[in-house]
Every structure is written in structure tokens, then in C-alpha cells.
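**Q** If you want the building blocks of each chain, they are given just below.
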Amino acid sequence: MSDFDPKTARAQVAIAGARGVTAGVLSDQPRKDVVRNGLFGSLLFLGIMIALAGLALLVGDNLIKGWPRLNMDLLTNGTSSLPANAGLHSAIIGTLWIMAFVILFIVPLGVGSAVFLEEFTGKESRFARAVEVNVQNLAAVPSIIYGLLGLAFIARGPLSLGFTVITASITLALLVLPVVILVSREAIRAVPPSIREGSMALGATRLQTVRRQILPAAIPGIATGIILAISRAIGETAPLIPLGAATFVTYDPSGPMSGFTAMPLVIFNWVKQPQEEFQVLAAAGIVVLLAVLIAMNSFAIWLRNRYEQRW
Amino acid sequence: MSELTEERFRERAEAPGNDAGDGTSAAAGGSISVQPDEFHHARDIGELEKVFELESLSVSYAGVPAVKEVSMDIYKNEVTALIGPSGCGKSTLIRCLNRMNDLVPTAEVTGRLLYHGEDLYGPKVDPVQVRKLIGMVFQKPNPFPKSIYENVAFGPRILGMKGDMDEIVEKALRGAALWDEVKDRLDSNAFGMSGGQQQRLCIARCIAVEPDVILMDEPCSALDPISTGKIEDLMMELKREFSIVIVTHNMQQAARVSDRTAFLMVELDATEQNRWGRIVEYDATEKIFTNPGDPRTEDYVSGKVG
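In the order they appear, the protein sequences are chains R and W. Heads up: the first sequence is residues 1 to 311, going by my numbering. Heads up: the second sequence is residues 312 to 617, going by my numbering.
The set of hints was computed from the structure by calculation and includes no laboratory data. Fair warning: there could be bad hints in the mix.
No more than 30 Å apart at the CA atoms, straight line, and that leaves these computed lysine-lysine pairs for DSS-like [to be verified]:
{"hint": "1", "chain 1": "W", "residue 1": "Lys435", "chain 2": "R", "residue 2": "Lys123"}
{"hint": "2", "chain 1": "W", "residue 1": "Lys598", "chain 2": "R", "residue 2": "Lys123"}
{"hint": "3", "chain 1": "W", "residue 1": "Lys550", "chain 2": "R", "residue 2": "Lys123"}
{"hint": "4", "chain 1": "W", "residue 1": "Lys615", "chain 2": "W", "residue 2": "Lys598"}
{"hint": "5", "chain 1": "W", "residue 1": "Lys435", "chain 2": "W", "residue 2": "Lys598"}
{"hint": "6", "chain 1": "W", "residue 1": "Lys387", "chain 2": "W", "residue 2": "Lys457"}
{"hint": "7", "chain 1": "W", "residue 1": "Lys550", "chain 2": "W", "residue 2": "Lys379"}
{"hint": "8", "chain 1": "R", "residue 1": "Lys123", "chain 2": "W", "residue 2": "Lys387"}
Chain W with its partners taken away, still in its complex shape (with noise of 0.2 Å):
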């Protein structure tokens, strides 16, 4: 871990304008902006399982689409990141991974999603069951107004979770990196911490209920990069347990901690009055970043547009 966290850091240090938390490659000088020392390299599609997969998957609210056909397979114990500009429906997208859209009475979602093979918008799912398993991070960090302890104690609690609750509070904690920061004062507010711990500690709450999948929707934009680092260690030692899918503005990011990305992208209709996101490519991160396959893609990911 640590000496992952050093080579990141240097990682970071050396490119400039990675820094931007919330940052889109604007200091591109037209040349590719992205280029870590190394990608993850993708496995082999052949030799990983399936989490997701998704056959023209499509979300609209009140009858309007906001993504269009959308088919991708995401795999198990990968980091997957879906990349876009505004407006592209990457969250909706993430937002149908765990049937949060079912809380907008005026979303739709049509296509298919498979989950281990299993229809999750099938007649008998029971979306609260579904979240139980599909965890997620949103994009500003959203503890309870609670202590640090009853944050994490909560999952397991209300899913009835058998064991020590302490144990299992400490194991979260330090699941999420953060339990020697907050050792001491388990009882205090979580209001009080910054905001860089509270995204650590909702990672936390979320592990905490040993979900299966981590959804993370934009989980630094709210972060400074001190933070966003840590998060970002955090998210390659929490791939070995879970797979995670990340909705990120900044492609760095992307590069930096995913396997494969998705490049979303938006479009128009005749009128230009309708727009909706529609995949553009997905691939192994590498290829995406350093040889795309489709001209939008690389005109994105080197900040020529977007």
C-alpha cells in the first residue's frame, strides 16, 4: 500500500494540472493530456466474470431520453470508469446499477441489465435487496448527522447484520483508510471531520454492509487532491474485494485508477431541442487514452473539446 501511495503521489506531482479536483484537461495544449507512467492493464476479457451486463440500455425522465442505448459488459474485481462531458448521462447511467433512478417516479428504464446473469429490473427484484448488494458513493460526501461510529454502524444494523458491531464498525474503518484518523473519536459528529474524511467515511458505511459492487458517482469533484489521492489508493485496494464503477468529470482520474472506460457522449436531435448521452467507445483504459478508436474519443480525452 505504501509504496503504492508514494508512486502515486509522484504520479501526481509530476503531471501538471492533475490536480483539479473536479478539473477537466483544460490546460491541454492540444497534444494528448494524459499520460501516467503506467495504466492498469485490462485483463483479458476472456478470463474475467461478468458483473454487469447491459444490452441497449436506455433511461428517459417523464418520456424525455437522457441516455440511449447503452451496451457494455463491466467485469468483476475491475475498477470501470464512464467518462463524458455534462450532460451525457453518466449519472443516470450509474444511477440504474442500483435502481436509485427508482426513487424519480418519472424514470424509465428500458434494455436490459444483467447482474450475475440475473435481470435486475425483473418483475420479482426488490430494489431495496438489489442496493443491498450494489453499494454507492455520490458526489458530495453525504454522512448522517450522526457520530462517526452510528455512520457505519447503520448499514449493518438495519440489514441485521450478525457479529461484533464494533468489529465490524473497526473493519469498515479501516477498509476505508480511515480508522487510525478516527480511532479516538468514534463518538464525535461526523459533521466535524473534513471533507475528504466524510467521502472516506460514506466508502466506509458503504463497505461496511459488504456489498458486492461499489457505485462511486464522481466520489472527489467536492475534494481537494490531497484527498482525491487518497481515494483513489483507497479505490485500488477496494477493487481486490469489490468492482467498482466510477462516473468522473476528470479524465485523469479515469486513467489513473480505472481498467476500462466508457466514453459517453452527447447528442442532438434534428431540432436540437432534445439531447441525450450515447456511448461512444469502451475499452481497456490504456487504449482509450493513448490509441482511441473513435476520432471523439480522442479529440476528448486530449481536451479538444468538452
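Bound-form chain R, shown alone (with noise of 0.2 Å):
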């Protein structure tokens, strides 16, 4: 190297080819690679756009369709077989009280499941194994079953408890608590180690452990997971319609022990009307019913983003 004089107009050639050749190699792509992944990434945009597009299809059409009737009235207005007069307030009550059984249910024995799988079995039990496979596959049986299920058992049966509202919370609770329980042992899970570790070097019990490290540390995660839950219980129909609740219901549901409506099953009731207002009335009702969901998801991941712990 010593010899070699930068200098030289043959030195300063060669320098400039090496750069050159430099530059080639590092822009130089495959065009059979530039083609590939153009044609991957527009296939991967164009899935997006399908789902989305169906998305904004079924808003957009009933909301054209519907806005004649979107207004308070809507809202204000309870159940009648005259369109001109029918609401959805019969169905706004009766939805409140199935979720708010639905939520006192579903908190409780989720939770607690969940508690129990990830902190009071082992890793290695098999109970634990058995009971995850089954919730996994519970969370799959499709939703009518359930509603089968509590018109045999809950309705009828052993409860007996009559198609009143207690009977849809609980036949929706059991419905979701999969959901639940699988989302609360996800937020349980990713509480680290550590924490349990410094807890019980402290002397805490297990059970203080739980109630006052791991919990805490999980509640954004198994919140999240509970309004994602209700916020599909809200949106079921078939589970409810065995249960008796398509019928029609003129009065306000008033308690547990009441008859009731929903808003979904409403909704389902006027789509089969025969009349062309009862369609707009339907439209209007969908897009209520898709406000209150996206306003519940949203809530979810707000709840999520802005108290998710990172460790």
C-alpha cells in the first residue's frame, strides 16, 4: 500500500470503478425480486381492502338507508306493530339489564377461572391441560347451541327459570366466559414472574399475592377482555331467539325476573316485516346497534394502550 500514489490519474480511475462497482452491487436488486414483492405486498393490500369494503358497505348502506328514521325518536320510542311508532326503547332497556346480569356473572367466575388455571395449578397438570382444551373448544360451539342449551336448562329444566332476563344474562354469560377466561389467563400470564417472585420473598401469602400484585398488575388486560366479550354477548341473536325473546314485547323489562327484548332480536324482528318501513326502521336499528359496538371496542383499546404495563 505504501507504494500506491492516490494521486496518479491511473490510481484516481481505479477508485472511482471500485466506487462504482461499490454502488452497483448495493442497488442492484433482482427484478425478479422488485416483481415478487410488488405483487405480495398489492395482494396483501387488496385482503385489507375486501374486509374493509364490506365493512364500509354495510355501514354506508344502512345508514342511506336508515337515516330517515335516525333521530331520537328511534330511541325514545317503544315496541308497536305500527312502524310510524315503533323504537327501540323497549330493546335499549331490556339489552341494559341482560348485560348488566351478563357483567356480574361473567366477572366473577371468568376472573376466577382464570385466577385459578394460572395460579393455583401447576403448568404441568393435567386438569389444567383438560380444562384449557375444553374452554378453547367451548369458545368455538356456535352460539345457538348455547341458546338451545339454556332453553333446556335455564328456561325450562332444572332452573326453570322462565324466558325472563336472567335467563338470556346467563345463557350469554356462559356464552362469553370462555372468552373471558381465556383473555384474563393471557393478562394474568404476562404479568412477569418476578413480580410473584418478590411478592412471596416478602412472606405474602399466595393469595395476597394474587389479590394484590398479579390482579392489579392484569386488570387493564382483563378488562379489555370483558368489554370485548360484552360487546359481543350485545350482538348475539340466536342464543335469544329460543329463549323466547323474538316475541314481541310491548312493556318496558323492568328486572331480572321480567320478560324481555334486545336489540339485536328487535331488529331481527323487523327485518322480517312485510312492510318497506319497517326495512328503514331495521337499517336505522343496525346502525345503532354497530355505534354502540365500535364505541365499546373502542373503549377497549383505549383502555388497553393507555394502561398496558410494559415491563
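Hey, can you piece these two chains together into the complex? The hints should help.
**A** The following block contains the structure:
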């Protein structure tokens, strides 16, 4: 290297050439790769666009169709056989009652099951694994099956609670319970073992560790799961049909033992009617239901982002 | 304290290669690398009260041995260091001392472990009670996702300790040499602290419940040299009140802070499929580092192996 003088013309040419080669190597992407990357990206984009278009079409179509009836009357009018007087009032009250009891059932049962499976059984325990497989299977059971279960065992049969709010609540709670358990387990599992160890090393019992360290740390995740479960329950129609909710309810549900109706059922009922006005009403109802669902899911996402603990 | 601090910082500054938080003595040039100016002179065993007596203690996980037949006595108000290469069972051993291994379902402890003469693994002993008396600080700082105040107050609260909580918290934070740094932000989240502060918070949390023994499982391995220095100074203060057992990868650290050192080594069976730890030598730290009785200890502390 010592006798190499970069100032000579030949050396400069050589350096320029070397730089050119380097630049060429760095920028030389095979044409095949360019095409493949472009194609793959486009396909993925197309996929998400189809999904979004479906949603946009649904919202847009209903918004346009239901626009004439989208006003406060829709929310304040009770049930009626006359399309002009019909509204969602009874259905909204019914949905609120049902959901209140669903929350009452799924929070202790879901969180309790998750805590038990995560904290009180060994990871290798056969029992825990059997439960886990079953919970996952339950999460995939079609919702109409739960409706039939509710009919056979809750409305009639052993519990015989009749076609009431509480029957609907228990049925929907059973339906979404697997989701709550799975999500709560994930949230609890996300609390690092070092927190458990730190707590236990101070002489805390398992119960104290769970109650004061694990659960507070896992609450944002658990709350997110519960909200998602509720927003699924709100939209469920199929399991309520066998429970008699599709019948025409002209009063506001007033308590757990009251007869009931719910938003998706009223919409379902409207869609079945021959009058054109009811179709408009149904479209407006769908917009309201979607708005509630989007609001709840957004709240769940906000909650997760706001309180998510980064370890 | 200040004099001690200065002296110790000087010591660190003068000894090259001492700063590695989790370093081994890779810099050792064949000669014995660890030569602090002064060792803590371990007192004569006769005058010391025994905290732990280990009698051929063995631990296995799911039947696979991790440590075999450890026998040693650990004394009151001393710092006892466990050193040795990775996988020699140091952490396993220290976790037996407050029954943290009970949390691992497959762990099995055999042999005897006496704590102030009582069998720690006796049938009537409640591991929760054991951990109230024998606290632990972990390798990675693990503050709770709460405020600084709540981190310290957690232990006293669950144990139902009497007294003014503010005072208990302040005393613990002062004890961990953290009070002056955090007294104005006790309500802020502990995750906002530096790693070294977090680890001292974990020590404060531990001493808040007034244990008898503090176990430290590589407490400085995730910390920078300055934070390490602070924690080492702290240990010198803490041993007046507590007995300390420390696992460390860092031999300089063992030499600096401990009164007595146990050296563990990995053993293999004939098939080389199974490996476990066994104690090679246990003696006053000064002796281990200057005049070890076993050639394997000498090789290890001088950096020839490991």
C-alpha cells in the first residue's frame, strides 16, 4: 500500500471504478425480487381492502337506508306494530338489563377461573390442560347451541327461570365466559414471574400475591377482555331466539325476572316484517347497534393502550 | 460511611477490570487477579453464632440433580458469598435458604438445613413464615408496578406490622441509602427509577419487613459499576443488622464484600449427560482468594478456568 499514490490519474480511475462497482452492488436488486415484492404487497393490500369494503358497505348502506328514521324517536319509542310508532326503547332497556347481569356473572366466574388455572394449578397439571382444551373448544361452539342449552336447562328444566332477563343473561354469560377466561389468563400470564417471586419473597401468601400484585397488574388486560366479551354478547341474536325473546314485548323490561327483548332481536323482528317502513327502521337500528359496538371496542382499545404495563 | 465509600471507590478505580458488573476475571493475566488492598477478616468461627447449618443438602429438579451434598455453616452478621461458574447451582442453593424453591413444583430438597437450630424443611414449617424472616433480592431488579412508597409499604402491610407506615417506609429507604434520592417523589412510579435505584428499592422493600437474613442472588449483575459500588457499600452497612448471603458471578465482588466464600464447581457424570454443582471449598474470603486449599479454587479465582 505504501507505494500506491492515489494522486496519479490511474489510481483515481481505479478508485472511481471501485466506487462504481460498490454502488452497483448496493443498488442491484434483482428484477424478479422487485416484481415478487410488489405483487405480494399488493395482494395483502387487496385482502385488507376487501375486508374494509365489506364493513364500509354495511355501514354505508344501512346509514343511507335508515337515515330518515335516525333520530331521538328511534331511541325513545317503545315497541309497536305500527312502523311509525316503533322504536328501540324497550330493546335498549332490555339489553342494558341483560348486560348488567352478564357482567355480574362473567367477572367473578371468568377472572376466578383464570386465576385458578394460572396461579393455583401447576403448568404441567393434567387437570389444567384438560380444562384449557375444553375452554378453547367452548369458545368455538356455535351460539345457537347455547340458546338450546338455555332453553333446556335454564328457561325450563332444572332452573326453570322462564323466558326472563335472567335466563338470557345466564345463557349469554355462558356463551362469552370462555372468551373472558382465555383473555384473563393471557393478562395474568403477562405479569412477569419476577413480580410473583418478589411478593412471595417478602412473606406474602399466594392469596395476597394474587390479590395485591397479580390482579392489579393484570386488570387492564382483563378489562379489555370483558369489554370485548360484552360487545359480543350485545350483538348475539341466535341464542336468544329459542329463549322466547323474539316475541313481541310491548313493555320495558323491569328486572331480572321480567320478560325481555334485546336490540338485535328487535332488529331481527323488524327485518322479518313485510312493510317497507320496517326495513328502514331495521337499517336505523343496525346503525345504532353498530355505533354501540364500535364505541365499546374503541373503549377497550383505549383502555388497553392507556393502562398497558410495559415490563 | 463516607470514609468507607471513598475507600471502596478508590479500590475499584485502582483495580483494572474490577468494573465489570457481571464480569468474570477475563482480564486476569494468569496471576491471581483479585487482590483488594484489604480483606474483611473473618472472625474466628468459635465466637460466631450460626444462622444456617447445611448438612449434605442436595437439590434436584424433576429427579435431575442440581446441587449435591452441600455442607456448610453460615454465620450471623457476616456476608457469605457463593461463587462458581454458571450452572454450578449457586442460585438453586440460595433459593433453598428461604424455600423459594417450593414455588418450583418439581424441586426436591434432601439433606438437612437448620436455621438457628430449627429444621427449615420440617413438617410443621410454613414456607410463608420462613420468607418473612429470610428476605431475598433478585438478579434483575423487580419493583412492583406501583409507587416507590407502595413498593416499600407492601411488605409491612401484608405482614400487618404495627407502627406509622410513613416512618417504616422512611427507615427502610434510609437503610437502603435511597431516601435522599427519592424523598421528593415517593408517589412516582418505581419503573421511572434507574436500574441501580430500583435494586436499592428492592433492598429497601426487603429490609422494611425487618428480616433476619437477606439473600442476594447476583444483585448487581444487571447494574453499572457505580450502582454496583453503592450496593456493595450498602451491604457493608447492612451486615451490622442482618446476615447476608450473596451469589455472585463477579469474583472481585465476592472478594470485596464477603467475609466468607464458598466455591462451587460443576461436576459431570461418566456419560457427561448430567451435571450438578458441588462445593469445593468454603473458607474465609481472604484464604480463598490468597491461599486456596484446593487447586481447582486457585484455577478459578486466578482466572485460569471459568
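**Q** It remains to establish, for every hint, whether it holds in the given structure.
**A** Hint check results:
For the hint linking lysine 435/W to lysine 123/R, the alpha-carbon distance of about 26 Å falls within 30 Å, and the restraint holds. Distance hint between lysine 598/W and lysine 123/R is unfulfilled; the C-alpha atoms sit about 45 Å from each other, more than 30 Å. Taking the CA atoms of lysine 550/W and lysine 123/R, the gap is near 38 Å; set against the 30 Å cutoff, the hint is violated. The suggested pairing of lysine 615/W with lysine 598/W holds, with an alpha-carbon distance near 18 Å, which does not exceed 30 Å.
At roughly 39 Å between alpha-carbon atoms, lysine 435/W and lysine 598/W are farther apart than 30 Å, so this suggested pair is violated. As the CA atoms of lysine 387/W and lysine 457/W are separated by approximately 33 Å, the hinted pair breaks the 30 Å bound. Taking the CA atoms of lysine 550/W and lysine 379/W, the gap is near 28 Å; set against the 30 Å cutoff, the hint holds. Taking the CA atoms of lysine 123/R and lysine 387/W, the gap is about 38 Å. The hint is violated against a cut of 30 Å.
The structure is inconsistent with the numbered hints 2, 3, 5, 6, 8, although it conforms to all the rest.
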